[in-house]
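Student: Residues per chain are reported as follows:
Protein chains: 2
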Amino acid sequence: MLKLNKNDKEPVYLQIYRQLKEQIIAGELSTDERLPATRALCQEYHLSRNTVLNAYQQLESEGFIRSKIGSGYYVEAIPEYSRPETKTAPFFFPHETDPAYAYDFRYGALEPNLYKSAGFRKALREAVNELQKKDNLYNEEPSGLLSLRQAIAVSLLETRDMHVSPSQILITGGHHYSISLLQKILPSSVRTLFMEEPGHDDSVATFYQAGYEIVPIRVDDNGMMTDKLPAGKTGIAYVTPSHQFPLGAILPIARRLQLLKWADGCSGYIIEDDYDAHLRYKEQPIPSLYSLDRNGCVIYLGSFSKSLSPDLRISYIVLPASLHLSKDKDLISSPASTLIQLSIERYISLGFYKTRIAKIRNLLRKKHNRIVSFFHEHYGERIRIFGIGGGTHFVLSLPVRMKQDELLSFFRSEGIGVWPIEPYYLQKDEVPEGCILIGYGGIPSEKLDEYLDALKNVIDKLNRVGGTN
Amino acid sequence: MLKLNKNDKEPVYLQIYRQLKEQIIAGELSTDERLPATRALCQEYHLSRNTVLNAYQQLESEGFIRSKIGSGYYVEAIPEYSRPETKTAPFFFPHETDPAYAYDFRYGALEPNLYKSAGFRKALREAVNELQKKDNLYNEEPSGLLSLRQAIAVSLLETRDMHVSPSQILITGGHHYSISLLQKILPSSVRTLFMEEPGHDDSVATFYQAGYEIVPIRVDDNGMMTDKLPAGKTGIAYVTPSHQFPLGAILPIARRLQLLKWADGCSGYIIEDDYDAHLRYKEQPIPSLYSLDRNGCVIYLGSFSKSLSPDLRISYIVLPASLHLSKDKDLISSPASTLIQLSIERYISLGFYKTRIAKIRNLLRKKHNRIVSFFHEHYGERIRIFGIGGGTHFVLSLPVRMKQDELLSFFRSEGIGVWPIEPYYLQKDEVPEGCILIGYGGIPSEKLDEYLDALKNVIDKLNRVGGTN
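Chains as they are written, first to last, in my numbering: chain A, 1 to 469; chain B, 1 to 469.
None of these hints come from the bench; they were simulated from the model.
A couple of the hints might just be wrong.
When chains are identical, the list treats them as one kind, so a pair holds in a single copy or across two.
Once the Cα atoms are required to be at most 25 Å apart in a straight line, the calculated DSS-like pairs of lysine-lysine come out as [to be verified]:
id : residue 1 : residue 2
1  : K9        : K359
2  : K134      : K122
3  : K133      : K122
4  : K447      : K461
5  : K367      : K133
6  : K133      : K447
7  : K447      : K68
In isolation and in its complexed conformation, chain A is listed as follows (with noise of 0.2 Å):
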C-alpha cells in the first residue's frame, strides 16, 4: 500500500521509493518477494510509467530490490536493522572562544588590515584572471606554485643573503603543517629535539606528538646556550635566532658558528625559525642562520603570518640539499588553494610585498618606540622589558610576586587581555614569576595611548593591592 500525495513537492517517484525502502527495511515486504509490477502500479495510482520505474530503479541501484528480466522486480535479503534515531548530534565540541578584553595585547595579530590594500585586491583580481584562463584546474605541484616559489626564492636572496632553488622551497599550509611535513622528511633515525627554553610551545607540541624526545636548551639575553647542547648526540636543534621567541635576543655570530659545528659533529640538523626577521626597528635585519651554513644542515622555516596576515596559512620550508623530498612519499598533495598561492606570488612580483613591509616596519617602529619610553617614563628599571628592538610582542617582567595565573585573572578582571610566559617553558619550575606577555601588533596605532593607560592602572593597582617586590 502507498500513499501518494501528487500534490507534495516531493516528486512522486521519491514518495514511492522512499515508501518502498521503509517496507522493506520494516520486514513488511519479504526477502524475494515480488514487487507490484510497473504497469500495475501505473494503473493503481493513475502514474507515468516513468514515475515507477525512476522509483523503481532507485531502490535496485541501493540494492534494495533486484530486477530479473522479464519477470519483475524482487525483494533483496537485507540484515534486520533499526535506523538511527534522528536527532541532531550533541554539540560535543563547543566553540571555545578566548572572552573578549577590552583592551587586548593578543600575540600574533598584524595591522594594517591585508584585505583593506588596494595591492592586494589586485593580486587576487589577477590570480583569479590567470586561473579562468586556464582549461583545466588540477593539484599538480604538490611542493607548490613553482611561480611563488621562484619569488620567493628571489626575496630570500635579497632579503635573507640565501641562495635558495624553487625546488629547495616547499609551501605548506602554515607553521605546524611545515613541521609535520618536516618529520616526514628528517631521517628517521634523528628523534631528539633540542628546544630553546623558553621556547614555541606549538612547534615542541608538533614534535612531541611526533614521539621525539624534547630536551630544552635554556636561552639566556644571548638566546640558544649553544655551549649546552651535548656533544655527539645527534638530534634537530631548534632555534629563532633572529629575533628569540618569546625573549627576544639575537643569537650572535659566535653562538651562531658554534651551532654549525654543534650540527657538522654530531650529523645532526638545525630548524631555523624566521618567524619575524624583516621586523628590526634599530638595525638591519639580522642574516639568517641559512646563510652562514656550509654543511646542508640547516631547515629554514619561512610564513607570510607576520608581513601579510595570520589567517591566510601560508608557510614554506626551504630544504639545505642534503635533504629532499621523496616525491611518491612524504607530499602527496599540496595543502595549499592554488588561489591563494597564486594571490601572494602577484603580491609579491608587483611590487607591492615590498612596500607593505616598509610599512608595517615603521608602523611598528613607532609602537615599539612608544611602548618602550612609556614604561620607562613611568617605571625606570622598575618594569623590565624583553624584546626590545624587533617584532610585535614583548616580555614584561613587573616587581611583583605572583604566580602566572593569579597574575593574568588579576589583569584580566579589569578587562586586559595579558597573556602568559609558561606555556614557553617546558620545566614549569623555571618559569619566573611576574612575567607576562604583550604583543601589539593588532592594536590600532590610533588607540595604543588609550591601550597603555588601562595597562599601566591596573600595573599601578597591582603594586597598591600588594604583591610587589
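Let chain A serve as the given structure and place chain B on it in line with the hints.
Tutor: Showing chain B alone in chain A's frame:
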C-alpha cells in the same frame, strides 16, 4: 682600512658594516682588538657620526663586536669559520611535469572552471569585504570557520541525509590532510586498515606511511566484499560506498548493513570517502553510509574538489559523536585560508553552490552518456565499461592482452593520455590485463567527439598490431 664609495647604491653604513664583518671573519681584526673610535673614523672618511654608529650597532647586534661604555668597541671572539661558497643551489628536485598529450583523459579535472563563474567572484568579493572590516585577523578556529561548518552541516542534511552538528565538522587542507588528522584522532590501538582492492592509492599511501597494516579486501561488481572482513579483528574499513573508486560500483544496502555490523562487532571504524556522490546521472545520489550508522563508527570524508575546484584544497571530516578532537593535542591551527573558507561559505549561502552542482551534473551527464553510447556503438560488448552511472571517469577493459606499461605507452606515443589502474591495486598480480582509466571531468564538452575519435583510432590500431584477445 675601509674602501667607501659614497656614490654606491649600497648605503655607506652598510659598506662599513660589511667590510668590518669580512675583516673580523677573515681574522684580519683579532679578538679583543679595539675598533677605530667612531670620531676618528668620521674624520678620516668625512662621515657623519650616525653613519659610523649605525654600522657599529649592526655589528654589535649580530655579535661581531661589543661596546664598553666610555671605552669603545672591541672585536668579539668568533670561532674560525670559512664562508660557504656562493653558488646557485643545485636543482635537486626537478619540477617534473607530466608530458602534455594532445588528448588528455586525465582524472581529477572539472569543467566548467570555477573562476569563470560570476557567483564565485561575488562570493570572493563579499569575503574580502567581510575580512576587511575586522580589526584583527587571527587564526582562531583550528577546526575551521564556524560559518562554513554551519553551511556544510545544512548542505549535508539536505543532500546526504546527515544530521550533523557543526562541532563535528573539521575543515582541512585537502584529502590527505584529512587522513593525517584522522590518524591522530583515531585510537592509537587501531592499527589495521581494511582497504578496498582496488582502491584509492593516495589514501593507502597516507596510512601506510603512518605505519598501519594494510589489508586488501576485494571489490566485485557491488563494491567491497564485506563478507571478507575478518570478524573480531579490529580495524578501519575504508570504503567509497556511493561510487567505488576506481571501479564505480554502488555498495548495496545489504553490504552497508553488514559493514556497520562488522564495525560494531569489532569496535572498529569505517571511513566513508564520499568524493563524488553528487554526480549520479540516472538516479538520485545514493544516501550516505553515515546516515545509517547507529553506533558512531562512521567517519565521513567530504571535499569540494569535485564540486568547486580541485585546486581550492578544502576538504572536511565529519566525526561521529564517539570521536572528537582533543583541542590541545590534535589540531593546533587550521590549514585552510580564511579567505577561501569564507568564500566557499558565501558561495554556498548565496545559493550558487546548488546551482553549480546542478549545472555540473547536467554537463557531465551529457558527456557520460555520449561516451557510453560511443563505445557501445563502436565496440558493443567487446569493450567493457566500469563505472557507468556516475562520477568523472571510467575504467575501460579492452580486448587486448597487454601489460599496463605497454598499453599506456602505446596510447601515449600516439598523443593520447590514458591512465593506469595498476596504482590502485595493492596486490599487483590482481591487476587485470587490458584495463585503462579515462577521466572526462575536464574535457571540454565541445571537443568530446574529437577526443573520442582520437581514442578510437588508437584502439583500432591496437587491434591491428595484435595483442587482441
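Student: Run every hint past the structure and note whether it holds.
Tutor: Each hint, compared with the structure:
1. K9 x K359: Cα proximity of K9 and K359: across copies only (21 Å, versus 58 Å in one copy).
2. K134 x K122: Intra 19 Å, inter 20 Å, cutoff 25 Å: intra and inter.
3. K133 x K122: both (17 Å within a copy, 18 Å between copies)
4. K447 x K461: For K447 and K461, the Cα distance is within 25 Å only inside one copy (22 Å; across copies 76 Å).
5. K367 x K133: between (44 Å within a copy, 22 Å between copies)
6. K133 x K447: Answer is between; shortest inter-copy Cα gap is 17 Å, intra-copy 45 Å.
7. K447 x K68: neither (78 Å within a copy, 39 Å between copies)
Violated hints amount to a single one, hint 7; each of the other numbered hints is respected by the structure.
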